[in-house]
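**Q** The lines below spell out each chain.
There are 2 protein chains.
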Amino acid sequence: MPRKRSIKTRKQQTVKTLEALGNTIYTEMTHKRFPSIDIPSRSTSNIRYEEASRQYVLGDKSVNRSSRNVRHIRPFTQLVWTASFAHTLCKSKKTSTLRDVFYSAQAFDINFKDQKESDNIITDLEAALDFSREDFNIFPEERSQIFGDLTIEYTVPGYQGKRINLTMHPDGLAIGPALTTAELITTKANKVIVIEKGAMFTRLIEEQAYRKFKAILIHTAGQPPRATRRLVKRLNAELNLPVYVFCDGDPWGMAIAITIICGSANAAHLKELTTPEAQWMGLYSTDIPKYKLPGNNLSNIDVKRLQDMMKDPRCKGKPWRPQIEHFLKRKRKCELEAFSRYGLDYVVTKYLPEKLK
Amino acid sequence: MPRKRSIKTRKQQTVKTLEALGNTIYTEMTHKRFPSIDIPSRSTSNIRYEEASRQYVLGDKSVNRSSRNVRHIRPFTQLVWTASFAHTLCKSKKTSTLRDVFYSAQAFDINFKDQKESDNIITDLEAALDFSREDFNIFPEERSQIFGDLTIEYTVPGYQGKRINLTMHPDGLAIGPALTTAELITTKANKVIVIEKGAMFTRLIEEQAYRKFKAILIHTAGQPPRATRRLVKRLNAELNLPVYVFCDGDPWGMAIAITIICGSANAAHLKELTTPEAQWMGLYSTDIPKYKLPGNNLSNIDVKRLQDMMKDPRCKGKPWRPQIEHFLKRKRKCELEAFSRYGLDYVVTKYLPEKLK
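Chains F and R are the protein sequences, given in the same order. FYI, the numbering for the first sequence is 98 to 454, going by our numbering. FYI, the numbering for the second sequence is 98 to 454, going by our numbering.
Heads up, some of the hints might be wrong.
Stated by the list, open to error - Residues from chain R that face chain F, not an exhaustive set, calculated with beta carbons under 10 Å:
(1) 204
(2) 251
(3) 254
(4) 263
(5) 269
(6) 273
(7) 383
(8) 435
(9) 436
No wet-lab data here; the hints were simulated from the structure. Beta carbons: idealized from backbone N, C-alpha and C, even for Gly.
Please model the entire structure based on the sequences and the hints provided.
**A** In structure tokens, the structure reads:
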């Protein structure tokens, strides 16, 4: 059974937490004390890879940002304004992007020297309050798409309570603020397939693979935006659906699978983005000769990336390590589109059934 | 009144034309003659800018590709195979991408040395038969989105006859093969706004600008894929909706507007991609000081692009020329997100009403 109303509860918690922060600061000030905020340290020395959960996590170190410290006043003020802006967004049920936040600050004479600085403060706020920027209604630009037998219920203004089934539009539906904040109501699917390439996403819809394999399909369009990673996690956690990640057979495709499954160092302060139970379905380096797929030689940059992966703690065990070594030995790569060589339905009639077994 | 069933008719015409080509070649061969195909020349010398229609068009020169000529045998065979593959796609109601076509050829021992070669042959086929690759069911990777009060009727398998209204999903619906081949049934909108940036697209949905301005919104995500340009054209031609293009205030935003309105030299052989009646709504260079928008200095590459535009026949008149000169004088540019400086609803309450007037 899905956890009902998880989104609504979470939004209420976000607003409460933002208000608690405001109240604390206000109380400090009325008592003539300098307010300060504790933020878990995101420096490299405080990020470690946790074998058990197969994720990057933050250690115990934290920094105190205090309005008493003259060097802290600027980032402290920026942080408080950002929290207040996030509160306004949540209360007014509007959304914003990272870039919008940067420009919006100018209206309040809050000075960010560039978007990098405002992005960084938003990440500080995430770490300080243990909510992600999507909870604060700050969303990335939409890029990913979803399709499959999943019924959702919107929570955004104008659509509250409205339900749709995501087989509605066979080109796929954008994963934006409305979908990300929707309650997941019910599904007849028994798995999720996450796909790097649009061509393969369209292929699996056209060949009715979503029916054959009872799968919800997600198209990441390269490295998935965080909102998409979070949706994958929710499908796994709330609906108990196993997740399979299907990418190009090259280090960049592998990196997408690794990010979804093990997370990334720069989002170590957030846990709801990673799906450790997800499985990398391919293309493996060993799949290229096995299925006689056409491909290309690895470039120097590909090789360099694979060598870096050899040192990456996330890639120590199976399936990563043997595949990295195989890539480096054969020096060949292959795209998802290469399956077309054997006809447009080959991937659905041959490869996927074998892999999913 | 919309031109009903235009898609179905067009698909039938495409199939007929492909079959006519096949029959001609077959007949020639049974009469022991060497078959050949006439293709309008796409060389620079045969592309000219037509002032009246404000579009690039092809001249009268054509080339005859003959199986009698030993140097022509390879591209002639490639072209015939591509036509046959397109016919199979149309008859089986499957779609493909440019990359898929390249790989699919390998199954038939048709040798393309790289995707550039197969792309080029597909363009030859477009020019020879006067249909676009989307007519042949060869689609680009999906990227663009649409949202608004438009009811469409699908023609793709499994969805034939099914109608949906495109306000269904407030994050937007992907413009893929299903939407591109849908019949446009009915709309309460009286205009189309084409938007470069996802953040602005989401903003206009959230602020209910689509209601206020009775607009169908299209998000191009940068330079629009051809399928999106074609949909814009159809909305204009079939539903008589005026089209406004809303892009960043820089040469790249202008280039998007120019491509939609005047087309591009390398698609001069196709007319159904351009919408000469569409209007560039901004951001103009003159809007930046007028609305006191924050911005950045033009880079050297920006300046170079603008100088090239000064020589571009498409940019001779208004509104392009004065704006290019203004850009070069002020040396400033501005993104759509900059409107956030004045609050998230400023663009809807102030800028758009003034511009649409």
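**Q** Now, for every hint given, state plainly whether the structure supports it.
**A** Now the hints, each set against the structure:
| no. | hint | verdict |
| --- | --- | --- |
| 1 | 204 | holds, 5 Å |
| 2 | 251 | holds, 7 Å |
| 3 | 254 | holds, 8 Å |
| 4 | 263 | holds, 9 Å |
| 5 | 269 | holds, 4 Å |
| 6 | 273 | holds, 3 Å |
| 7 | 383 | violated, 20 Å |
| 8 | 435 | holds, 5 Å |
| 9 | 436 | holds, 8 Å |
Of the numbered hints listed earlier, the single one contradicted by the structure is hint 7.
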